[in-house]
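**Student:** Position chain B against the provided structure of chain A, taking the given hints into account.
Residues per chain, in single letters:
2 protein chains.
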Amino acid sequence: MPAILSRVAPRTFTVGSRLMASAARLETVPREEIHKEYDRKKTFYHKDLEIHLANPEQLKTKPLDPTKLKFGHTYADYMMTCDWDATSGWHHPKIEPIGELKIHPGAKVLHYASELFEGMKAYRGVDNKIRMFRPEMNMARMKRTAIRAALPDFDSEEMINVLTEMLRLDQEWVPNSDVCSLYMRPTLIGTDPTLGVGCATEAKMFVITGPVGAYYSTGFQPVSLLADSRFIRAFPGGVGAYKMGCNYAPTIWVGKEAASKNCQQVLWLYGENEDLTEVGTMNIFLFWKNEEGDMELITPPLHRGLILPGVTRDSLLELGREWGEYKVTERTLNMQEVKKALAEKRLYEMFGSGTACVVSPVGKILYHNKVTDEYEELHIPTMSSKHGVMQKFYNTINDIQYGRLIKDGWMRDI
Amino acid sequence: MPAILSRVAPRTFTVGSRLMASAARLETVPREEIHKEYDRKKTFYHKDLEIHLANPEQLKTKPLDPTKLKFGHTYADYMMTCDWDATSGWHHPKIEPIGELKIHPGAKVLHYASELFEGMKAYRGVDNKIRMFRPEMNMARMKRTAIRAALPDFDSEEMINVLTEMLRLDQEWVPNSDVCSLYMRPTLIGTDPTLGVGCATEAKMFVITGPVGAYYSTGFQPVSLLADSRFIRAFPGGVGAYKMGCNYAPTIWVGKEAASKNCQQVLWLYGENEDLTEVGTMNIFLFWKNEEGDMELITPPLHRGLILPGVTRDSLLELGREWGEYKVTERTLNMQEVKKALAEKRLYEMFGSGTACVVSPVGKILYHNKVTDEYEELHIPTMSSKHGVMQKFYNTINDIQYGRLIKDGWMRDI
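Keeping their order, the protein sequence lines are chains A and B.
So for the first sequence, UniProt numbering puts the first residue at 1; every next one is plus one.
So for the second sequence, UniProt numbering puts the first residue at 1; every next one is plus one.
The shape of chain A in the complex, shown without the other chains (with noise of 0.2 Å):
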């Protein structure tokens, strides 16, 4: 017999509890999937999410024309938060409409940077779904920075499904488009209010996300990089790999720097032989014919430390491999060897990847020359290449974004 269910909704619940109305109605949720054991020591579970429901009133206007909008300037109507402490682990995760956060001033997040975050998306479809790219790789990374960032760990797919129940709330925010997306930033913070320079007692995990419009709305856009090594990025022994917030704050300046050169993006070269390693917040791809005649792709390796493992940058590698139709290969790249193929005519594309944009095409360099201390242009042919690698990784990426075409485990459905 179904249980009688109240015909008002209520408007705070918990996912247990609708798992347990769920197994009283349907009899189809094992008991046992509910009542497993808990180590909140370990991670928040998504069995413990608290919905807090907006008020109609707070419900925000959804912009007319998405495309429009600009990167990281609207929000949608729900976040997360989840508290976590060192004494008693993590607390339950609630979905409530954004606000703001209550932070104290001595907050270990506002003095010693201590946060990371991730970049993800929610694409709706041609068939109407919406689904996330890849975001396994995201809490995997995630993870692995919350390790090196001394906050706390939690569990992928408790995650997961925490941020599937936000996008079915926020579901009417996934762009009907299939050149915009919503783009989540799942965050975490320390927060306890002591100002020792230590591991953090307090943290906070959230999540907010907002719809972007189309990074190409006139057809690619080639940016001009600004290459000098007196800038660096990330170092060998430090944290360029991993996702912290102490990786940008240094760069603002330094764009600020390209940009009063009418550059977009920077270069970030490192090292004597000035090894190129990644293009703003983006990775960085090459596709030439190398000094044995070989047509291939080529980007830096992950094994110094000194790149952020890309989700994006990990797909291009995996389609190109799968495809099979010219070399692709991680390796040390530097400057010198990227003059030589623009010299010999060698260099046929270079882009930027992340997951803004999927793919950047790069126009110029402006490089500081360290020995002259002069400025060179070099061109960078990517727009006229008759070999549209960049262009096909585009498509491809776009395709399995969008619901048309099938790429086995790399979307998931909320």
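Calculated directly from the structure, the hints in this document are not laboratory data.
Being a predicted model, the structure only gives us computed values, none of them experimental.
Treat each hint with caution, since some may be false.
Chain copies aren't distinguished; within one or between two, either way the pair holds.
With a straight-line cut-off of 25 Å between C-alpha atoms, the simulated DSS-like cross-links for lysine-lysine are [claimed, not checked]:
1) Lys42 to Lys364
2) Lys261 to Lys70
3) Lys41 to Lys129
4) Lys42 to Lys256
5) Lys289 to Lys41
6) Lys60 to Lys102
7) Lys256 to Lys143
8) Lys386 to Lys327
9) Lys386 to Lys42
10) Lys70 to Lys407
11) Lys256 to Lys41
12) Lys339 to Lys327
**Tutor:** Chain B alone, transformed into the frame defined by chain A:
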């Protein structure tokens, strides 16, 4: 004729109105002082300061024994806040009862470590006067750091005047003890709720303060240091010379590593030769007989951008040079030199310097030998040194800070 003032003091007032009242009453404050030109794009102003007095029930109980206080766990009654935005510049600074800040979850400080701080102290002298130690040094560093962090600049003297008002309000929190002090933490964060990595368009300056106890309640405690060149604090082309929050987050996990090896601090090495750079969050000093046979105080130089220009570091160098008892040298110094000097019994003292402790003696280095991949214990005879170099610095700085000794221009009365 003096103006008749209300007998009931207002709970909220501005410093400007107080100056006006004072001018009307005493005819001593020149009215030009009050009405001089504003440029809120350049700085906030002391005369705009709004003071919101606490209700009696908001005032906290002061600790019975301040010497027992743990660093950074106890806060005084008031905080200062001052908002900034790119359009209108600085708003009015406010002093109000300490409380949680409301921060949007998309604020730059929570994602990209858009943050910086200072650490400084006020002391109650043996004459019962309250003084700050070289506050203009901290403010000069904070301004340099703000520029590097792409956060707004301000005027040092306006800030020192605001700090002075805070100290007057919270003067009962400045411990009546010549081993305790009131720690002050000016902080500047980027607050605009937009997720693009770029210059903050909104920011908040805030200051919190709190009494701190005796660093050495039972005499000097020598520390053990983990020295392992696989962990790097700062690098040329980075921001190690600035007091940005991003320099601290990566060190927390390394500190855990050190603690797991029974070391209290990390000796930060840099580069192929394993140059000594800093110790924990302190600068490092050695006192030795150099290879030429000179008695010499030595600390690493600032020019490579690897070293935070510490106020205590600067003070020790100035005192050491003034005394003229030994050579005082800023130069790069590496682990091999330290080991050689130890073996030849020429190394007498090694100590950290910083605001919290003034000086902190080093008793042991646990050195990871990168060639053998083994750990070597190096015993540093600081505690048994007959030269008393560290001890004299400690005594002198303490005498200056607590008003027993005058050093022109170092102490600022409130």
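**Student:** Can you give me the call for Lys261 and Lys70, within, between, both or neither, at a CA distance of at most 25 Å?
**Tutor:** within (23 Å within a copy, 49 Å between copies)
**Student:** 25 Å Cα cut-off: does Lys386 pair with Lys42 within a copy, between copies, both or neither?
**Tutor:** neither (51 Å within a copy, 52 Å between copies)
**Student:** My question is about Lys289 and Lys41: at a cut-off of 25 Å on alpha-carbon distance, are they close within one copy, between copies, both, or neither?
**Tutor:** neither (52 Å within a copy, 52 Å between copies)
**Student:** Go through the copies and call it for Lys339 and Lys327: within, between, both or neither, with a Cα cutoff of 25 Å.
**Tutor:** within (21 Å within a copy, 49 Å between copies)
**Student:** How do Lys41 and Lys129 come out at 25 Å by Cα distance, when the copy is not named: within, between, both, or neither?
**Tutor:** Neither: 35 Å inside a chain and 49 Å across chains, both beyond 25 Å.
**Student:** My question is about Lys256 and Lys143: at a cut-off of 25 Å on alpha-carbon distance, are they close within one copy, between copies, both, or neither?
**Tutor:** Between copies only: 18 Å across, 32 Å inside.
**Student:** How would you label the pair Lys60, Lys102 (within, between, both, or neither) given a Cα cut-off of 25 Å?
**Tutor:** Both. Shortest intra-copy (22 Å) and inter-copy (20 Å) distances satisfy the 25 Å Cα cut-off.
**Student:** For Lys386 vs Lys327, is the C-alpha pair at or below 25 Å within one copy, between two copies, both, or neither?
**Tutor:** Answer is within: at 17 Å inside a copy they meet the 25 Å cutoff, but 67 Å across does not.
**Student:** Cα distance capped at 25 Å. Does Lys70 pair with Lys407 within a copy, between copies, both, or neither?
**Tutor:** Neither, since 29 Å and 56 Å both go past 25 Å.
**Student:** Using 25 Å as the alpha-carbon threshold, which applies to Lys42 and Lys256: within, between, both, or neither?
**Tutor:** between (41 Å within a copy, 19 Å between copies)
**Student:** At most 25 Å between C-alpha atoms: does Lys42 with Lys364 qualify within a copy, between copies, both, or neither?
**Tutor:** neither (48 Å within a copy, 36 Å between copies)
**Student:** When no copy is specified for Lys256 and Lys41, does a C-alpha distance of 25 Å or less occur within a copy, between copies, both, or neither?
**Tutor:** between (43 Å within a copy, 19 Å between copies)
Violation of the numbered hints given earlier is confined to hints 1, 3, 5, 9, 10; the remaining hints are satisfied by the structure.
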